[in-house]
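Residue numbers (the working numbering), protein chains in the order written: chain A, 1 to 456; chain B, 1 to 359.
The set of hints was computed from the structure by calculation and includes no laboratory data.
A virtual CB, placed ideally from N, CA and C, is assigned to each residue, including glycine.
Any given hint could turn out to be false.
One side of the interface only, derived from the structure: several residues of chain A facing chain B at Cβ under 10 Å [claimed, not checked]: (1) 97; (2) 147; (3) 233; (4) 236; (5) 417; (6) 425.
As a plain string of letters, each chain reads:
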Amino acid sequence: MSGHLIDLYGWSHAIASFLLWLGSLPLELGNWVAINLTGAPSPGPLTGVIGFLTSDGITSLTAAIIAINIMLVWAAALHLFTLMWIERKLYSRLQDRRGIMIGLGSFDFLASTLGRIPIIGRPFRRPSHLGTGYLQNLADGIKLIQKEVITPTNADRWMFHVAPVLITVSTLMAFVALPWSDGMWLMGSYETRPLGCVTDCTSVPVNQWGILFILAVFSIAPLGILIAGWASNNKYTLIGGMRAAAQLMSYEIPLALCVIAIVVFSGTLDPFELVRRQTERPFTFGPWTIDFLPNWYILNPILWIAFIVFFISVIAEAERIPFDIPEAEAELVEGWTTEYSGMRFGLVFAFKWLRALIGAGLISILFFGGWTGPAFVTLGVENLTTPQAEAIYILPQEFWFSLRVYIIFIVFVWIGWSVPRIRIDQILNIGWRRLVPLSLLAILLAAGARAWLGGF
Amino acid sequence: MGEMWINMGPQHPMTHGLWNLRIKVDGETIVDAEPEIGYLHRGYEKIMEVREFQKNVVLTDRLCYVSSITWSHCYCLACEEIMGVEAPPRGQYLRVVTNELQRIASHLMWLAAYGPDLGLLTALLWALRERELFLDLIQLISGARMNQNYPRIGGVRNDMPPDFEKYCRKVIAHFRKKLRDHEQLFEQSKLFQMRTVGVGRISRAQAMDWGVTGPNLRATGARIDLRTLDPYDAYPDLTFEAVTRSEGDSYARYKVRMEEMKASCDLIEEALASMPEGPYRSKPPRRAEGEGFRRTEDSRGEAMFYVIGDGDDRPYRVKIRSPVYSSIFAAPLMMRGNKIADVVAIMGSIDVCVGEMDK
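So here's chain B without its partners, still in its complex pose (with noise of 0.2 Å):
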């Protein structure tokens, strides 16, 4: 059989959205891959510009389904700096909890994606029971279970619930004896190392080259993470440090991912016991004229969004740079050299949504 060039995508379970990689295989092994996205694009940064700054909360909730606050939280914060406006202290906080809970109902909709990836769906179920105590959490915080359109430009929506701080701690506490069944199900078996370690290796060097960020970059061995490199919002008062593996295979994203949870209940933790009294809100311009720039710690990788405001009160121009983008580029040079099942181990360790990538 000599090599084919085989169609993943872009109606394929791999692919968890809507691409393409086409792969080449001689055989089982890859010899190469390529990455064909545009399925989902929406023109994002077209249709930004006919709305209110205000307004586009709405849409940037969107650019990421599992991932909503966080994008949105970019986006305000981009905003914040062309109108000259800062959130107050409690506002930052609760930015704070709220992309930390959704940084990890995030990460769990990844494990359960990763689950059936591999052939192990009792992940999936298992994993989208402990999402569902996130999106509940997130649910009484801003009344919605996705796109929460919670974030605003000076601040936030709303102030937590009375009874919010008891829940988390509840809820966290629960998660954390959770988190150690899944890690039973996943890195405590002999067989998920056999999938996982050594698959889909990619170097500190090659990974930074190629823009791959976040978890996949700090699987790497790059202690790269705007929370602690970049700090915004309240991130500078809380301790925090950054979860870093050396390998750079999946095993390793995986890991990652399962350390940054933890981290995250930390953090929640953290944030919720010197949460300050105050104002939870600014109030903005409606116009601003400038330029306005900042990437945050999304999910997936760095989020950023480069806004230009010309003094109307809409955007001029927005830019928007996705994680996914790069890392899904990166994917070829993991890719090659391994077989066609490890297509799913690698590209379920990236941590693709399409959403974003498509814009």
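Chain A extracted, bound-state conformation (with noise of 0.2 Å):
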């Protein structure tokens, strides 16, 4: 039934106890020594040591540190340079070109002997305009960590070299609560539904302060960028990170509203809850049902000011372009970043798309039914209410969410590069003239609906 492939915790659980056991092998040819050649007494001295590398809490803590790293190889590596990716083909050809085409072709000891082989050989052949471009970010990334990093000369050092870390550790934190399917999550528990079932239980993913935990870890940034732009000591620097701070604190206030209004739509702040909501039932809108539509919030006309609010607002969130005049770089040079280099620079560059990814997450779980996908329904007659119970994904729900993250982030891409970017005074005023009252507007059509038309 479960649609989803990765069980994260599952997974790293067998990892962890195989690795243990693997580790426990040795002991236990120190005791068979102990016993056998010095003749101690029969447990072995090591027993002791063995039994608690093989016990349920240290299995547990291991397994939590792998999960933690398979979701940062997940989310921090293959989605952001595949967003990146996606990024950097789409614009290239909104301008008409072809963008970034290095491929393993580029290799030189590739092309040589693999691209000698007829058919097979073909990808491989010089030139190398023939790749999709996948590995140039890679190589970007390998060519920062080569460069040296330099610090400024009157830079407060200690600040400066602390602010990249303080950004990018505060936005992956973000990933421990975002879900990416209802096994592929690192923050949650498994609770057996219907409660108090004691036959035909289910058990579903909870996490009761998911969105919230991603809203609070998502305002840290703002500060470690100020940090960045005052220790650089550079009068762009500072400016930068002044803009910066005041965008992103003046867009998380409509964020956190529009939340609220969700919470109060749907009584809850749990991602795996709100996903199961939109999906559970059919399209509902106060007394109206229409059977064929998913209960998808985006289709719900008492949310549609809180979804534009809430897009405006994550786009200047992960300062893409009409809001990017933290970093405007026809004024500001490279604004805020501009004094670092090496891999510090790309820490705070990857910083926008990881942004970027967790605001297209959460769009995707509030608004677009979070991860689920086309299913085939098995259904009983009295299986109707909860067909999926009995639901087969055609494809496994880390990729729809994926999808999901993905076409929301190329609407991003869209709007990026076919408009101008818009002064600060200009970004403030939208921020806090309109969107703050539009936001406060769609609690209250949320508070109404709830209100007068039941819950949803």
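Dock the two chains into a complex; use the hints.
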């Protein structure tokens, strides 16, 4: 039944158990040596250590560390690179060019050996403008790692070096609470549904503060940006840092207010629960029900204002182009990232895409039904009310979630590369005079809908 | 935060060249601005004194590398005045055609630079794509994409190739269609209007006081275009009306340049249609004595050349008047009271070419 491909904790637990068993093998050998060769008493002197290593607590801890690492590679490497690749290819196409085309064939040794094979070697034939360019971002990353890390002479050294770490870590922390499917998540626990059941129970993930946690860590980064801008001891970075802090803080408010509208509307902050609300029943609007539509919140006219405000705020929070004044390169060189070099620049550069990734994920969970996809449903007549229980997913949930994230991101790119950026005072005007009142209106609408039309 | 000076230049993405704009800011608001130039000074006026009249065309090409033909043209006109020669009619028409092609290419380069200034990188690639067609045309007639060395004292270097007129008409028809895309990208975008309307306003009187010329002056409502006011070459024979706007802000300057590109297209088509037959170049003397002063409507304003010959085969003294040199010092007037982000919206709309400014 379960539509998810990756069972993160299950996998991590298995890997952790295996690793710990592997680690305890030499100790077992030591035990055997101690008993058989030195005549130690029977359970062996190392039994306690083995027991400790293979205990539940240590296994769970190792499993958690492994799970965090898998999530890091999954979100901050795989999806980050894909997102960057999508952006670079897409805006190149908007600009009538092909964009990055570095492929495996760009490696000289591959071209000179594999390239000679008649048909199979075609992708490896130089000139290398045959590739899709996916490796370009990797190459850029490697280049950045090789570069020297320069600290400006009069910079506040400690703050200067701590700021990129603070920014990146706080942004990556959001992935702790951002689930990718029913099984691919870090923060949460399993509960049986329906509550207090004895038979026919299903185990579902819950995470009561998921969305709140994401919003909380989302608002740490402006602090880091302010520190970075101040500590670089450069006028451009100072202005860029101030702008970034002003912008991110003022767009945090409509963002949070829109989430409040959703909370009022649905009554939960749990991403899993939000997705279940949007899929387990057909589209409902007051007394009306449309059977063939899912109950995605984007389809509900009550939440349209909230969606528009949320979408604009996410673009601003991700510092994408109409709102990318913090690093407006024409005026402020590179804004608050001007003085960074090497991988420290790489970290603060990737930060934009990480935030866009989280923002797109939030939009998809809050409005577009999260990770659910088309499924074959085997219905017994008595099961009509809970078709989810019998659904067989055509493709795993991780795929559908990634697809939504990418499509939303493509809209970001599309908007970003066809409009100029606006001024800081205009951005703050839009934020405070338009979006905040609109999001308050959205809360009012949601509360009214909740009160008069019932729960959703 | 008190007031502080910020250097925007000499190495800065805003400058499009090598100059320095010092701005004094109070928070985000510009209190004062001060252009500093001289980073690209090459001593043009002195070098030209030691080279022969004809050979100076190579130098004047390099005054502004995005608008070579118009500058060389101005120099040739000034030399023709001393030498007492005049280009034959066909040569004059060819000059008009190449001048206008160069003007479109130059304005497209400005458009390409204005986009990224405002954060619209797509405009850069689009405008350069269109400019490529005009560079191809210029290459077809002169043999080079940049620094064409095409105008000559007494005419032009060579006649146009046989298919030139056909290609010209084709490119212009294509360009007119594409210009609509650019308008959609720029002026039909609300965000672009937010950035430019009312920004960098300068009154007509102020602009005239500071010697602002060209599209920047016409954007303030002054109908001053040397092609109609003080016509030279074949311009008197052609129907042409100067493009003006009355607002005097960045948007008006943008609009004037966009309209000028369309007007140039019309001019080219008309000049091609009424192109007379005959020689395209007359033979000037090697030596000249006297004073020659001519001004032409360059892509950026009034270009002026003052050449003195003392009977030798090289000029005794050359003085170049660059339109950007004047326009750039009117920039502080436009900037005061605006935000830092408006610096690019204003300087981009002035269309700075440092090569001609620093000479």
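Hint check:
no.	hint	verdict
1	97	holds, 6 Å
2	147	violated, 19 Å
3	233	violated, 13 Å
4	236	holds, 8 Å
5	417	holds, 5 Å
6	425	holds, 6 Å
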